[in-house]
Amino acid sequence: MSNDYANKVAGYQQKIQTAIDTLKLPAEPRRLYEPLRYFMQLGGKRMRPVMCLLGCELFEQETDKAMPAALALELFHNFTLLHDDIMDKADKRRGQATVHVKWDENVAILSGDALFVLAYEQLSQVPVEKLQAVMAVFNRVAREVCEGQQLDMDYQDRESVSLEEYLLMIRLKTSVLLGACLEIGALIGGADQEDARQAYLFGEKVGLAFQIQDDLLDAYGDPEKFGKMPGGDILVNKHTFLRMSAEALANPDQRVALEKAYTLTAEQGKVDKVKTLFNQLDVVGKANLKKQELLEAAFASLDKLKKADTAIIHQLKGLAYYLVEREQ
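Its first residue numbered 424, the sequence shown is counted upward by one per residue in our numbering.
Take the hints with a grain of salt, since some may be wrong.
Claimed, not checked - Quick list of in silico lysine to aspartate or glutamate cross-link-like pairs, DMTMM-like style, CA-CA up to 25 Å: (1) Lys525 x Asp514; (2) Lys727 x Glu483; (3) Lys693 x Glu582; (4) Lys693 x Asp637.
Simulated from the structure, these hints should not be mistaken for lab results. None of the values given here were measured: they were computed from a predicted structure.
All chains should be built: construct the whole structure from the sequences, respecting the hints.
As structure tokens, then:
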């Protein structure tokens, strides 16, 4: 990202963090609100609320009126993460103990529920003339995220998942929320329904490309930049764009070899053997082509906007490149 745009995004991130830090939460019951405060302070890039503010700025320079919605979207996102950690039995979130590990599962469930309610409290502060349209988007996407999480859990019990099924799952679990951030911001900024829809489609396509890059980084990322050794998804047999592509591209012998490689342990060289097959099938090349296809579709949606600020369009394209080509 250019320095001026990086500074702008950083400014939005700081505004959002300040809003989170100053949330007025009751002191009691302590075991309800203390885990909630803890989880919200674990950090993160806050890119979803940033996207909401940029979606507003596409159509209106004054973005403060979009702050309650931006905060609501961040609270909702963290609600999903808190509950996902329980379902995934994850013990770490951003390097720190997850809530269900630090406290217990019942506390984590209830604190997550409270986050969801807090999101609606923030959403109720949206300008009244925009509230019905914004609420419709928020409710639609909240349901879709649940659908995506259910599909993710369903797929864990299956030996094989098609590439099309995987893309549907990540669209629902990850991408629709990013799209909704742009759509809600655009609606608050004064966009009509068609422009708001195009803003949504931009975010959705960027979200898909973002997840594919995440899959690439997990397998091939530089540990110095990515923060962990590559191959975590391979070790737990996770369905990823790389694995689904390999299964689709493999001939019968390669498919047998791939299935065998996924039965190995880390000590038996599982990661290297799987990645050798990935390399033979050029799944990295396929992933990069898919990312480029998605970016082009995302930019096409931005170019269809009728009344948007061209400078913000340019900045959103820069942010999309940054998110999809990031190394960490």
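Checked hints:
| no. | hint | verdict |
| --- | --- | --- |
| 1 | Lys525 x Asp514 | 9 Å, holds |
| 2 | Lys727 x Glu483 | 18 Å, holds |
| 3 | Lys693 x Glu582 | 17 Å, holds |
| 4 | Lys693 x Asp637 | 20 Å, holds |
Checked against the numbered hints above, the structure breaks none of them.
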